[in-house]
Structures are given as C-alpha cells and as structure tokens.
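Visitor: Both chains come to you apart, so use the hints to assemble them.
Below are the chains, spelled out letter by letter.
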Amino acid sequence: MLFVKELKVISDGKELLEKGAFVDTAAEEQFSTLLKSYEKLYRSEKRLVRLSDRNQEKLNSLAKSLDKKNTMLEGLSVKLSKYLSPQIYNSIFTGEQDVSLTTKRKKLTVFFSDLKNFTKTTEELQPEDLTGILNNYFSEMSTIALAHGATIDKFIGDAMMIFFGDPESKGVKEDASACVRMAVEMQRRMEDLQQSWRDSGMENPWEMRIGINTGYCNVGNFGSVDRMDYTIIGGEVNLSARLEGKSDPGGILMSYETYALVKDLITAEEQKPMTVKGIAREIRPFAVTNIYENLDDERRFIRRETEAMQLAVDLDKLTGEQRTKAIYELEGVLERMKGEA
Amino acid sequence: MENIKIEATTRSPEIDFDFGANKFLIKGESYPEDVATFYGLVIDQLEEHLSSLDTAEVSFEIELIYFNSSSAKVLMGLFDTLDEVAKAGNRVTITWTYDEGDDHMQETGEEFSEDLEHAQFRLKILET
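Chains A and B, in that order, give the protein sequences.
First residue of the first sequence: 0, per numbering that gives the first Met the number 0; consecutive thereafter.
First residue of the second sequence: 0, per numbering that gives the first Met the number 0; consecutive thereafter.
Incorrect hints may appear among the rest.
As the list claims (entries may be wrong) - Keeping only pairs whose Cα atoms sit at most 27 Å apart, straight-line, the calculated BS3-like set for lysine-lysine is:
#1 B:Lys-22 x A:Lys-13
#2 B:Lys-86 x A:Lys-39
#3 A:Lys-7 x B:Lys-72
#4 A:Lys-103 x A:Lys-276
Stated by the list, open to error - On the chain A side, residues computed to face chain B include the following (Cβ under 8 Å):
#5 Arg-42
#6 Leu-50
#7 Ser-51
#8 Asn-54
If you're looking for bench data, these hints aren't it; they were derived computationally from the structure.
All C-beta atoms in this analysis are idealised placements derived from N, C-alpha and C, irrespective of residue type, glycine included.
So that you can see chain B by itself, here it is in the shape it has in the complex (with noise of 0.2 Å):
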C-alpha cells in the first residue's frame, strides 16, 4: 500500500502514514471544515491494512494541540481498531505525546486509554 503524507494546513493536522515500517503519526491541530472527507479515506486504508497485519509491531502516535469534538470521535474509533489488531495478535503501541503543562490534553489521553484492553498505551511529554 502506498504510503499516505498529508502536510498540515492551520485547521487540520499532518498525516504521516509509514505503512511498509508500520509506523503512523497524526500530528497538529484538527478541527477539518468536513471531519469525514478529511480522515474518511486515510482511515478506510489503515483499516484495510492493519487488518492484514498478522504478529506485526504497530507503532502509533498522536501529537495534537487541539482538536474538536467531531475529531475526537474519529480519534476514539480509531482506538477501537487499534485495539482490535493488538486483540489479533499484533503488538500495538499508541503514544500520546502532549505540550508540557497542557492538562487538558494530559487528561483527554488518559481518558481515551480506558477502553484499551490490548493495546499498549503511552504518555509522552513534548519538552519545549
């Protein structure tokens, strides 16, 4: 699958999909005019990837500053996926990496996290 490199514009974050390496990255801020047609078809093909995936080591990171509420939903069904692929064997890393002293974000990670049952889940510090 070819690899997917979105540059990131003031309302939507920059999309890094490695699919060859498995590494992701979702980087920015998000609050996309159309949630769906921004991350519809980049979340179709990592689906039908991961899904093909079989003892395989994902490493997935998100660095956001802000998002809304539409991209959070996008962000917590991805988790689902995230986790169903760890749940099939893989071995699934997702790193949520936030500004030093951003509380809000800090808090939004974890709260993300409590669902995960396979995956491993990460916090990370940005040091600025």
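Pulled out of the complex, with its shape left as it was, chain A reads as follows (with noise of 0.2 Å):
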C-alpha cells in the first residue's frame, strides 16, 4: 500500500526487460543497472521508514513510561514532604540545599515545648485515643508554626523542636519575634483546645510548657552518608530545652538575648537566674506576662469567662443558618440586658 508506485515502477521495468523491447544492447544494460539501483533505493527506503516508525513507537512508549514514572515520583515525594519541614522540602527540591553531611553556623530562636499531665494522660487513655488527641494537637501547633514561618525540627513523644532563622531568615530580631509571637498564638489555642478536651471528657487537659532562647547553633546535615537528618546543635539549642522545662505550665519562658530584640514586642516578668551545662554565662529568664499585637483579632475560637457569664464561640463552625440563629440570640440576650441596665 505504501510503495505501491515504487512497486509498480519495478514491475513495470522488469516486464519491459522480459519483452525484450530494447533494440540497442547498452541501452538495455544500463536500464537493468539502473532498475536494480532502483529496488536497492525502494527497498532502503523502506527499511528506513519501517527503522523510523519503529524508533518512534519506541520513544513513545518510554515517554508514557516516563510519564507515569514521573507521576508516581510526584505523589511519592508530597508523601515523603510530610516528614519534612516545607522550607526545608523546598530548599532541597529547588536545588538550594545540598543533601550532604555539611553544617554552618547560624544565630537561631529556638523553641522547644512539652505537655504536662501528658504522662498521667498516657494511663489514663487507650493508645488509639491518645494518638488521636496529640496528633490534633500537633497538627493545631503546626499550622501555627508554619503561619509564622517557622522550621519544624521535630516532635518528640509530646516534645515539639522548632527554629526560625534557617533556611529562610527575616533577620535576628524578626526571626526572635515570630517565634514569640507564635508561641503566644499556641497558648491561646491551648486554652480553646483544653476546653474541647475537658467537654470530651478528659479529667486533666495537657498544658504547654514553652522555651526559647537565641543564640549562634550549628545547622545542617547531622548523621551518616545513608541517613541524615536536618537538624540543630549546640550550647543554645540545650538553653530552650532546658528554659522550657522551667516554664510555668501554660507558660512562656526565654532568655534574655530572645527577650531583648523582642522587649518591644511583649511585657515579661525576670525569674531567677540559672546556670546550665555547656554555658558559660549566667542566664537570665523571662516569663511572658503579655503581647501588645492583639492577636485576639485572628482567633477563630472566642472564649470569655467571668463569674456570671459564660461565653465559647468556634467561628469556623458558625455557618449559614446557625450563624444568624446565634447573631439573633445574642442580640436577644443584649437587648434584654441593656433593658435591665
């Protein structure tokens, strides 16, 4: 079909060799060369178109391959991005990290958390409740962490490692006061989250005990050639953890280099001083006692108590008909007690 002509042309040739129509000899000769060029030519021809399809069926089938290899890299690399710090996925993905065992050294706040009553909690639950309860939590603190830009190191048991300053920096003094402002925005939420879980029956809610300190830490790669993690360390590092475990519960404790490029920012009380392993100076801590930002305004869980007045709103779950059966409550309950006034 496709060489039909071609086909035909030689045909055509050899039945005029057969019938013998040539009177001059060398002409007849030089017809035959020419004929058997000709069936060389059809036949290359057809080798090539025959090697060229191939070819391109081949390259086909291995770009649908490639596709669909690439497909499932795609999914397999948002699932390995969730143990992962997103700044950190994305400066590896980009390029702009090396995945080698190199460190450098970088001037981090750094924030370390834990639960109390999480033991006691841990006796009282059935693990499958437990793990449902703390995997709120984190996912609650996380996604305050990362509205603020923060790094999450890591979680450990109810512990949770965050710094700001690394890979993406704002400056010292900023990278300082989104961590505080971030930890404040997670003691709020804790108090919203501990009613929740006081309705759903737990007798003691966990309460946050929070750390922070700012100092120069190692940064980078730590471990083997075959498994690393991206982590910090240092002298500093072991401040937080250690400030956090003298924080009140439901407290804010950091030292005195977080609090001065954040004294602007918030209202703090000085503890006693301390001395920890592996720091020369003496350290000084601060308890936050209060942030001037009103960071009330973004709160999507309002709650207010007084003695004769008990007041929880969840905005997110506020919608439709229900918000405007709740407006037309409220209202009532304002009328009545501005009538009362």
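Guide: Here it is, written out as structure tokens:
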C-alpha cells in the first residue's frame, strides 16, 4: 500500500526487460543497472521508514513510562514532604540545599515545648484515643508554626522542637519576634483545646510549657551519609530545652538574648538566674506576661468567662443558619441586658 | 594504516577499527549531531583499507542500542561495502549483537542483512 507506486515502477521495468523491448543492448544493460539501483533504493527507503516508525514507537512508549514514573515520583515526593519541614523540603527540591553532611553556624531562635499531664494521660487513655488527641494537638500547633514561618525540626513524644532563622531568615530580630508571636498564639489556642478536651471528658487537660532562646547554633545535616537529619545542635539549643523545663505550665520562658530582641513586643517578668551545663554565662530567664499585639483578632475560637457569664464561639463551625440563629440569640440577650441596666 | 579508536559519548558510539587484525567494532548509541562529520572520515579510511584486501578474514561487529535514520543510512552503505569486499574473495563476517529481548534491534538487523549475498551475517544475543 505504502510503496504501491514504487512496486509498479519495478514491475513495469522488469516487464520491459522480459519482453525484450530494447533494440540497443547497451541501453538495455544501462536500464537493467538503473532498475537494480532503484530496487535497492526502494528497499532502503522501506527499511528506513520502518526503522523510523519503530524508533518513534519506542520513544513514545518511553515517554509514556517516563510520564508514569514522574507521576509516581510526584506522589512519592508529596508523601515524603510530610516527613520534612516545608522550607527544608523546598530548599532541597529547588537545589538550594545540598543533601550532604555539611553544617553551618547561624544565629537562630530555638523553641522547645512539652506537655504537662502527658505521662499521666498515657496511663488514663487508650492508645488509640491518645494518638488521636496528640495528632490533633500537633496538627493545630504545626498550622500555627507554619503560619509564622517556623522550621519544624521534630516531634519527640509530646515535645516539639522548632526554630527560626534557617533555611529562611527575616533577620535575627524579626525571627525572634515571629517565634514569640507563634508561642503566644499557641498558648492561646491551647486554652481553646483545653476547653474541648475537658468537654470530651479529659480529666486533666494538657498544658503546654514553652522555652525560647536565641543564639549561635550549628545547623545542617547530621548523621551518616545513608541516613541524615536536617537539624540544629549546640549549647544554645540545650538552653532552650532547659528553659522549657523551668517554664510554668501554660507559660513561655525565654532567655535574656531573646527578650532583648522582642521587648518592644511583649511584657515579661524576670525570673531567678540559672546556670546551664555547656553555657559559661549566667542565664537570665524572662517569663512572658503579655503581648502588645492583639492576636485575638485572628483567633477563630472566642472564649470569655466571668463569674456570671460563659461564652464560647467557634467561628469556623458557625456558618449559615447556625450563624443567623446565634446572632439572633446574642442580640436578644443584649437587648434584655441593656433594658435591665 | 593507523588504528582508529574513538570513545563513546551519549550521542555517538565507540569506534574501534583494528586494521592490522581486520577486526572492526561499532558499539553504543548512534545519533550524532552531524552524522556525515562523525562517520565520514572513518568510513573513508575503512573503505580504503578494505579495498586493498585480498583473501583476508574480516570481522565486523555492530553492537548498537539505538540509532537514528541517518546512522541507518551509513550502516546500509557499510553493509554494501562489506558485501562487495566478500564478493572480491575475502571472508567477511558481520556480527549484529543486540540486547536480549530487544525485538526492535533484532528485526532491524535481520532486515539490514536481507541484501547480503556474499558476506556472512550472524545475530548474537547479548545476555544480561
């Protein structure tokens, strides 16, 4: 079909030779040679076309399998990304970060937290319930951390290790401020969570202790060439953990180094000085008492409690008809209160 | 004639022409940017050498994973030359080596050998 014309030329040529249509023998020989060359050319063309088609087919199937592999790798990288802090994941995938055992010294603000009553709860709750509550707690805290630009280093049991200043930094002062803002928001969110835990029957709701310190740390890949962790080490990291241990439940305890950077943002009470192994200087801890910025505006769970009033509103759940009904109820109460005043 | 040894690249094959032993090898992938430049001189030298042979034993090995249409044209010309050399009284063996399971390369080798009348052609499976 594809080479019908060529085959017709060949068959006509052969017929001519067979018929002895040539008067001139030299012309007949020349024609015969020409015909053979044409036949060869026809065969070459046929082979080349077939080869080209096969190559195309092979390339297409390779492209398809490559597409399939790419889709699989994309899915895999999304799954793997959950095991890494987004900033670190991005810096590795964009090629900014080398996956090799290298570290650098950087001034970071380091955050440590753990939960009071956690061990007690592990004895009281079924492991499945505990896992659910713990994962819910970590999800809530991670959302807040990421919103403030934190690098979540790791979760260790009920503890969290977070830092600011690497791989992205907005400057030492701004990194420290972001960390403290995050800590305050976390403690406020904890109040909401405690309420819901209490409502769901948890006898001793967890309370969060937070320690924050700013100082030079070694940051980078630690471990072996086969298995490494992007993390931070150093005396200043240990100090954050020690501050966390000394913090009141529901409190935020920071070192003077952090306090000096964020004192325009918060009010804090100085605590008794302490010494920490590996740190030569005496540590002056500061407990956060208030924050000047009104983070309440951003909160989605509003809770007000006085002796004569209890108010709890979850703005995320309050939608549609529920919202209209709530406004109606509240306005009714307001009218009545104003009337009695 | 001085032997020719060219290392393979991602786009061009290894060339190993031992004129003294009459052993010749083309191995790898063949889709050079300019086929005429890559093969031109080596094929000229090869043809010059082959035309001088008389009752010689010639072994030509082709072990390609992939080649484009231009390279195919060069190979078909080479097969013609080798067949003529065999016709002239030399014992020419062409070995077409392909990866086990590579039907594409097997079929291509078989098709290329269809026009050979004097040279010996053998297919060889490269076991992996």
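Visitor: With reference to the structure, classify each hint as holding or not holding.
Guide: Hints and how they fare:
For the hint pairing Lys-22 (chain B) with Lys-13 (chain A), the CA-to-CA distance comes to about 40 Å; that exceeds 27 Å, so the pair is violated. A hinted pair counts as satisfied when its Cα atoms are at most 27 Å apart, and Lys-86 (chain B) with Lys-39 (chain A) qualifies at roughly 17 Å. For the hint pairing Lys-7 (chain A) with Lys-72 (chain B), the CA-to-CA distance comes to about 24 Å; that is within 27 Å, so the pair holds. The straight-line distance between the Cα atoms of Lys-103 (chain A) and Lys-276 (chain A) is roughly 23 Å, inside the 27 Å bound, and the hint therefore holds.
Among the interface hints, the one on Arg-42 (chain A) holds; its C-beta lies about 7 Å from the nearest C-beta in chain B, closer than the 8 Å criterion. Interface hint status for Leu-50 (chain A): upheld, as the beta-carbon distance to the closest one in chain B is roughly 5 Å, under 8 Å. Because the closest C-beta pair between Ser-51 (chain A) and chain B is about 5 Å apart, less than 8 Å, the hint holds. Because the smallest distance between the Cβ of Asn-54 (chain A) and any Cβ of chain B comes to about 7 Å, under 8 Å, the interface hint for this residue holds.
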